[in-house]
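Trainee: One-letter residues, chain by chain:
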Amino acid sequence: MVEVYQQVLYIKLDQVALDFSIQEKELSKKREMAEENKVTLHGLWLSSYVKRVELALKIKGIPYEYVEEDMKNKSPQLLKYNPVHKMVPILVHNGKPIVESSVILEYIDETWKNGPPLLPRDPYERAQVRFWASFVQKQLFETMISVLKSEGEAQQKVIKELLDKLKVLEEEIKKIFPEGIPTSMNHETVGLLDIMVVTCFGPHEVQEEVLGFKFIDTEKTPLLFSWLKALNEIPVVKEATYPREKLVEALKYIRQVSLNK
Amino acid sequence: MAEEVVLLDFWASMFGMRVRIALAEKGIKYEYREEDLRNKSDLLLQMNPVHKKIPVLIHNGKPICESLIIVQYIDEVWNDKSPLLPSDPYKRAQARFWADFIDKKVYDTGRKLWTTKGEENETAKKELVEIFKTLEEELGEKPYFGGETFGFMDVAFVTFYSWFYAFETFGEFSMEAEHPKIIAWAKRCMQKESVAKTLPDRQKVYEFALDLRKRNLGE
Numbered sequence: 001m002v003e004v005y006q007q008v009l010y011i012k013l014d015q016v017a018l019d020f021s022i023q024e025k026e027l028s029k030k031r032e033m034a035e036e037n038k039v040t041l042h043g044l045w046l047s048s049y050v051k052r053v054e055l056a057l058k059i060k061g062i063p064y065e066y067v068e069e070d071m072k073n074k075s076p077q078l079l080k081y082n083p084v085h086k087m088v089p090i091l092v093h094n095g096k097p098i099v100e101s102s103v104i105l106e107y108i109d110e111t112w113k114n115g116p117p118l119l120p121r122d123p124y125e126r127a128q129v130r131f132w133a134s135f136v137q138k139q140l141f142e143t144m145i146s147v148l149k150s151e152g153e154a155q156q157k158v159i160k161e162l163l164d165k166l167k168v169l170e171e172e173i174k175k176i177f178p179e180g181i182p183t184s185m186n187h188e189t190v191g192l193l194d195i196m197v198v199t200c201f202g203p204h205e206v207q208e209e210v211l212g213f214k215f216i217d218t219e220k221t222p223l224l225f226s227w228l229k230a231l232n233e234i235p236v237v238k239e240a241t242y243p244r245e246k247l248v249e250a251l252k253y254i255r256q257v258s259l260n261k
Numbered sequence: 001m002a003e004e005v006v007l008l009d010f011w012a013s014m015f016g017m018r019v020r021i022a023l024a025e026k027g028i029k030y031e032y033r034e035e036d037l038r039n040k041s042d043l044l045l046q047m048n049p050v051h052k053k054i055p056v057l058i059h060n061g062k063p064i065c066e067s068l069i070i071v072q073y074i075d076e077v078w079n080d081k082s083p084l085l086p087s088d089p090y091k092r093a094q095a096r097f098w099a100d101f102i103d104k105k106v107y108d109t110g111r112k113l114w115t116t117k118g119e120e121n122e123t124a125k126k127e128l129v130e131i132f133k134t135l136e137e138e139l140g141e142k143p144y145f146g147g148e149t150f151g152f153m154d155v156a157f158v159t160f161y162s163w164f165y166a167f168e169t170f171g172e173f174s175m176e177a178e179h180p181k182i183i184a185w186a187k188r189c190m191q192k193e194s195v196a197k198t199l200p201d202r203q204k205v206y207e208f209a210l211d212l213r214k215r216n217l218g219e
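In order, the protein sequences belong to chains A and B. Reading the first sequence from the start, the letters are residues 1 to 261 in full-length UniProt numbering. Reading the second sequence from the start, the letters are residues 1 to 219 in full-length UniProt numbering.
It is worth saying that the hints were derived from the structure and are not from the lab. Among the clues, some could well be false.
Subject to a maximum C-alpha distance of 25 Å in a straight line, what follows is the list of computed DSS-like cross-link-like pairs (lysine-lysine) [to be verified]:
| no. | chain 1 | residue 1 | chain 2 | residue 2 |
| --- | --- | --- | --- | --- |
| 1 | A | LYS261 | B | LYS192 |
| 2 | B | LYS26 | B | LYS192 |
| 3 | B | LYS126 | A | LYS167 |
Covered stretches of chain A, going by a simulated chain B footprint (3 or more residues, C-beta under 8 Å) [unchecked claim]:
| no. | region |
| --- | --- |
| 4 | 62–69 |
| 5 | 96–109 |
| 6 | 179–193 |
Computed from a predicted structure; not experimentally measured. Cβ atoms here follow ideal geometry from the backbone N, Cα and C, with glycine treated the same way.
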């Protein structure tokens with residue numbers, strides 16, 4: 001009789017062990033799937049390049065984990081994911097890293113096709129968006145950084161460059177918004193160029209405070225001014241606004257460090 | 001309506017060459033117009049008022065500028081043959097990353113060889129070595145940077161092959177000796193008609209670069 005009970009007990013224990021092992025495998029699969037679709041963004045609070053990726057992820061409604069990196073003390077993860085440039089932003093998707101903000105933005109657009117498109121469908125329009133995105137980045141934003149990092153005659157030279165180039169963008173905006181800037185925009189219509197413009201110059205009032213002169217205003221660049229105003233009102237953009245004092249401090253610090261060199 | 005394709009270009013430009021290779025890969029008939037960079041045509045100034053640079057592709061009267069943007073445009077419009085970018089988004093991201101690397105690193109550092117002297121020149125030489133090492137690592141044992149087939153990143157980089165002789169001579173090093181994998185890859189690319197017919201003679205490029213150096217450094 002005891003033997004029978006023992007047999008039954010062993011069978012029951014085996015069954016429990018089997019159930020447990022199946023559960024473990026299912027859990028592990030679920031964990032794997034979660035890992036597979038997991039999106040992590042490695043960034044820096046100050047970086048406008050990082051902000052671009054954040055905005056794209058938010059507009060597309062992609063859940064992600066954010067990891068703040070310390071550029072003065074680069075983490076082993078950062079060096080592993082971006083050995084070539086050792087910079088942020090880094091997007092990790094399915095365990096694989098994608099770097100360079102412009103590359104990441106196109107990757108996001110091509111991978112998550114459900115949300116609003118970041119690039120238009122027509123190849124000619126796509127080429128135009130890519131051209132102007134690059135212009136905003138290289139010709140405008142980088143020139144503004146040069147203004148931040150210089151003084152005297154050298155600074156005067158880049159200030160003139162910045163103002164001239166802003167005029168070029170202002171002209172182009174007439175073609176982008178032939179009916180004028182809509183007074184309100186929503187995140188569904190935000191595309192790559194909107195993202196570039198708002199992450200580079202959304203905080204222009206703070207940038208102007210630190211630099212000591214206005215470069216985007218209703219007189220010189222009325223269309224750009226209105227565009228930025230409308231973009232800054234979009235909830236997803238508003239949420240990501242830099243804390244003002246922190247940004248002022250950071251920009252002043254960057255200027256000081258550059259001038260001391 | 002017949003497609004009208006015009007390319008405003010300069011024979012020695014590694015950026016212009018990228019577009020020529022892409023057009024050849026796709027078998028697109030086009031009109032080539034050589035620009036005199038010291039006396040730019042009205043058409044160029046009209047079609048690229050922002051940068052006033054070549055290459056500019058004019059497709060049915062509409063201009064597209066910036067070599068990598070043009071190559072992507074060509075790939076997207078003439079998508080029936082010889083795809084340059086892979087279809088997988090991750091692989092596309094890799095191709096774009098490396099093409100961006102070429103633009104940021106190879107050109108800017110390379111040109112310092114004939115636009116700078118002394119310490120700046122020495123630093124540029126060292127940087128270039130590191131850049132080519134990184135590229136060799138990325139190539140690994142693959143036949144092309146894109147993998148099994150010639151692709152976007154190969155187009156972006158192979159045009160510099162015509163400039164290697166100039167790099168080597170100014171930089172006083174041998175590409176074949178120090179970066180043999182890159183040379184092997186370049187020679188493999190040169191077996192493709194689109195590349196062989198596009199890349200100019202290296203001696204001509206070197207003489208052009210010598211001229212650039214004279215003008216930059218006044219030697």
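Trainee: Each hint: holds or not?
Mentor: Results of checking the hints against the structure:
Under the criterion of a C-alpha separation no larger than 25 Å, the hint pairing LYS261 (chain A) with LYS192 (chain B) is inconsistent with the structure, at around 49 Å. Using a Cα cut-off of 25 Å, the hinted pair LYS26 (chain B) and LYS192 (chain B) holds, with the two alpha carbons roughly 13 Å apart. A hinted pair counts as satisfied when its Cα atoms are at most 25 Å apart, and LYS126 (chain B) with LYS167 (chain A) does not qualify at roughly 40 Å. Using a Cβ-Cβ cut-off of 8 Å, 0 residues of the region 62–69 of chain A lie near chain B, which falls short of the minimum of three, so the contact claim is violated.
For a cut-off of 8 Å, the count of residues in the region 96–109 of chain A with a CB near a CB of chain B stands at 9, and the three-residue condition holds. Three residues within the 8 Å Cβ limit are the bar, and the region 179–193 of chain A against chain B gives 0, so the coverage statement is violated.
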